[in-house]
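These protein sequences, in sequence, are chains A and B.
Residue 56 in this note's numbering is what sits at position 15 of the first sequence, and the numbering runs on without skipping anything.
Residue 40 in this note's numbering is what sits at position 39 of the second sequence, and the numbering runs on without skipping anything.
Since the hints were made in silico from the structure, they are not lab data.
Just to be clear, a hint being listed does not mean it is correct.
[As the list claims (entries may be wrong)] To give an idea of the interface, some chain B residues facing chain A are shown, with a C-beta separation under 10 Å as derived from the structure:
#1 Arg4
#2 Trp9
#3 Gly11
#4 Arg13
#5 Ser14
#6 Glu17
#7 His60
#8 Phe62
#9 Gly63
#10 Arg65
#11 Gln66
#12 Thr86
[What the hints assert, rightly or not] Cβ-Cβ distance ranges computed for the label pairs, FRET-style:
#13 B:Thr76 with A:Gly139: 50 to 56 Å
#14 B:Gly93 with A:Thr54: 56 to 62 Å
#15 A:Glu159 with B:Thr76: 38 to 44 Å
#16 B:Pro32 with A:Phe141: 29 to 35 Å
#17 A:Phe141 with B:Cys20: 30 to 36 Å
#18 B:Glu15 with A:Thr54: 31 to 37 Å
[Said to hold, decoys possible] Here are a few chain B residues that sit away from chain A, every Cβ distance over 12 Å (derived from the structure):
#19 Pro12
#20 Ser36
#21 Trp40
#22 Arg57
#23 Ile79
#24 Met85
Keep in mind it's a predicted model, so treat the numbers as computed, not measured.
Ideal Cβ positions, reconstructed from N, Cα and C, are used throughout, including at glycine.
So you can see what is in the structure, the chains are spelled out below.
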Amino acid sequence: MAKLDRATPLAGTGLERAGLCVAENTGLGLIRLQAFHRRPGAVEELTARLGIEPPGPGSLRSERDRQWFWSAPGEWLIAIPAGTEDAVLGALRAQLDGLFVVLSAITDSQVALDITGEAVREVLARGSTVDFHPASFGAGNCVLTRFAGVPVMLASPGRGEQILLFADRSLARYLLDWFEAASIDC
Amino acid sequence: MIRIECPWCGPRSEAEFTCGGQSHIVRPADPAAVSDREWAQYLYQRDNPKGLHYERWRHTFGCRQWFNVARDTVTHEIRAVYRMTDLKPAPGGEGV
Ligand SMILES: [Zn+2]
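Take the sequences, apply the hints, and build the full model.
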């Protein structure tokens with residue numbers, strides 16, 4: 042298992058420039074929750090069982106050591122401390138028992154990147170047509186978009202100018218190369 | 002490049018979407034009862050209007066949902082965006 046644990050998508054490599062840093066975030070475990078959103082009352086039922094309202098389109102919500110990201114109608118990505126997937130899955134399954142939902146651990150299929158630096162918004166704007174000005178993409182926002190030609194989720198959890206990027210694991214090296222090329226003047 | 006308003010994510014550029022062709026095509030309820038001509042009509046024949054066209058789009062790079070768009074094929078103006086479960090807005094009606 043120790044051998045597997047070390048096999049992170051970028052094996053510790055990243056990018057460090059004066060205005061932009063990209064680093065792999067290996068501290069997150071990821072769970073996907075899918076509910077049948079077209080059934081009337083489905084989201085209300087979830088809210089009642091969970092005791093919190095999951096975030097709506099374009100937003101994220103932090104709750105204890107969990108971060109909820111809206112990813113589609115009736116679907117959320119839940120980021121938790123790495124290694125706690127089984128415990129959180131068990132707890133959520135117990136809480137949502139009997140509801141028409143699917144819970145899956147997807148940590149190993151994804152890469153999470155921390156993107157920081159004063160040029161972060163300028164570089165993000167080179168990869169997508171979404172408006173990354175703080176007025177429209179600020180703390181608590183998350184978007185799913187076409188970024189550098191591939192599907193990614195970008196979130197602004199609110200820790201200064203830190204942006205969190207989620208993508209399929211196989212895109213990790215490509216995205217790092219893209220950031221390197223797109224930030225050559227940063 | 003056109004801008005399309007995803008019913009969930011808001012306005013995004015066309016490059017995030019996939020066009021799924023004409024919408025509101027209904028599969029014959031009893032395929033065995035229709036003629037070959039009618040079946041071919043259902044499978045292959047599509048409208049090709051100069052002007053208002055009802056079509057399906059999918060926000061492939063975003064929330065991955067299908068929805069309907071009423072678009073002018075001459076000006077590319079989007080006259081209405083509505084969910085798969087909504088009724089087709091009439092031409093000249095509200096928003097179209
Ligand atoms: Zn969308």
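**Study point:** Hints not upheld, ascending by number
**Key:** Of the numbered hints given earlier, those the structure breaks are 19, 24, listed in rising order.
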